[in-house]
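Asks: Mapping of the sequence shown onto my numbering: residues 1 to 367, in sequence order.
I should point out that these hints are in silico values taken from the structure, not numbers from a laboratory. Hints are supplied without guarantee of correctness; some may be wrong.
[As the list claims (entries may be wrong)] For each label pair, taking beta carbons as the anchor points, the in silico distance ranges come out as:
id, residue 1, residue 2, range
1, 77, 128, 26 to 34 Å
2, 293, 63, 37 to 45 Å
3, 293, 110, 43 to 51 Å
4, 73, 26, 15 to 23 Å
5, 320, 84, 30 to 38 Å
6, 87, 182, 32 to 40 Å
7, 54, 193, 42 to 50 Å
[Said to hold, decoys possible] In silico lysine to aspartate or glutamate, EDC-like type, Cα no more than 16 Å apart, as pairs:
id, residue 1, residue 2
8, 222, 254
9, 164, 185
10, 65, 245
11, 212, 322
12, 355, 26
13, 80, 52
14, 222, 267
15, 184, 267
Quick reminder that beta carbons are idealized off the backbone N, C-alpha and C, glycines included.
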Amino acid sequence: MKRIMVVFGTRPEAIKMCPLIKVLKERQNARVSVLVTGQHRKMLDQVLNAFDVIPDYDLSIMKEKQTLFEITANILNGIKAILEKEQPDLVLVHGDTTTTFATALASFYLQIPVGHVEAGLRTYDIYSPYPEEYNRQAVSIVARYHFAPTEQAKLNLIKEGKDKDNIYVTGNTAIDALKTTIRKDYSHEELTWALGSRIILLTAHRRENIGKPMEGIFHGIKRILEENPDVKVIYPVHLNPLIREIAGSVFQDEERVHLIEPLDVLDFHNILARAYLVLTDSGGIQEEAPSLGKPVLVLRDTTERPEGIKAGTLCLVGTKEEAIYQSIRNLLHDKAAYNKMCQASNPYGDGFASKRIADILLRENES
């Protein structure tokens, strides 16, 4: 029996790892334990509850205004004794968070093999996104298994000299999650408020966007609202107090912008499915929204998901006010451009990534 420990700490990781946990726990030849770091707290717990996943261990590291130094040090200090007690055959981590980096480093120190879910995403700009680009490159150095969501991600890893026999193209587990969360008969007070309007769903939280870039994003949106009375914006605001301060300042007099608390995963996915278009600096939403036929304007200067750009599901628009304004305006008024993005093929998977990953890990165990 293979002993697998799954480690994550943030809301996006949880959304993508919970489907995999469910699949692994169904296999008779796997003993699965779950450790969460609590890098996010409230937002993480919402996802755990939605997927009915109960962690075996919780480091509960989150505190107000925590720094990257504190997150990394607290995880390293907290996880060592647990790894030594559990002695897993494999530690599974996801993506590019500081939890992922610190867990992979701790596993390396204890010579425990690491499986990296969503491996191979790259911008090759070490500060964009920050610190995520460094984190994922560092994890790839120590990973034994690279579960790449796309062929492009696989090629990135091969170009870096990773053993191609350890790289597996699986699709993205984010698409797996959507299969369990979307409801036909869904209702929500925010959808009632926006009834009859075109909904722009906004998420903006990246560290490198806090400050002037975020102000540029928000002012570009304000200009759209001034010209389009049939548009309303739903913005689940990140818990970071700096982001809340900027959003409150720019949107304080906007009746057609709802600044709301972070949504649980079921609510978010179902509002996403009913939005007209999506503005985001998130990574995961760049995968989720296209699978629902929603155009995505990426509020960043770089993206580690070039497949979406190539397929036409994503458009990279940066953070400048004028660029934001013109890009939204184009999709609101050019139906052909809008439909082209809606109908583009989603390159991120078919909803069976978790099964593929489990098959790979446990097939090897049997051989």
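Asks: Are the hints correct? Go through all of them and say.
Replies: Now for the hints, and whether the structure bears them out:
At roughly 29 Å, the beta carbons of residue 77 and residue 128 sit within the given window of 26 to 34 Å. Taken as a hint, the range 37 to 45 Å holds for the pair residue 293 and residue 63, whose Cβ atoms sit roughly 40 Å apart. The supplied range of 43 to 51 Å is met by residue 293 and residue 110, whose beta-carbon atoms lie about 45 Å from each other. Under the hint 15 to 23 Å, the C-beta atoms of residue 73 and residue 26, about 36 Å apart, miss the expected range.
In this structure the supplied range 30 to 38 Å is violated for residue 320 paired with residue 84, their Cβ-Cβ distance being about 50 Å. In this structure the supplied range 32 to 40 Å holds for residue 87 paired with residue 182, their Cβ-Cβ distance being about 39 Å. In this structure, residue 54 and residue 193 break the distance hint of 42 to 50 Å, their C-beta atoms being roughly 34 Å apart. Of the supplied pair hints, the one linking residue 222 and residue 254 holds, its CA atoms being roughly 8 Å apart against a limit of 16 Å.
Under the criterion of a C-alpha separation no larger than 16 Å, the hint pairing residue 164 with residue 185 is inconsistent with the structure, at around 45 Å. Taking the CA atoms of residue 65 and residue 245, the gap is near 14 Å; set against the 16 Å cutoff, the hint holds. For a cut-off of 16 Å, the pair hint linking residue 212 to residue 322 stands: about 13 Å separates their Cα positions. Taking the CA atoms of residue 355 and residue 26, the gap is about 10 Å. The hint holds against a cut of 16 Å.
Between residue 80 and residue 52 the alpha-carbon distance is near 26 Å, which puts this suggested pair outside the 16 Å criterion. Between residue 222 and residue 267 the CA atoms are separated by roughly 25 Å; this puts the pair beyond 16 Å, and the hint is violated. At roughly 12 Å between alpha-carbon atoms, residue 184 and residue 267 fall within 16 Å of each other, so this suggested pair holds.
Hint compliance for this structure: hints 4, 5, 7, 9, 13 and 14 are broken, all remaining hints hold.
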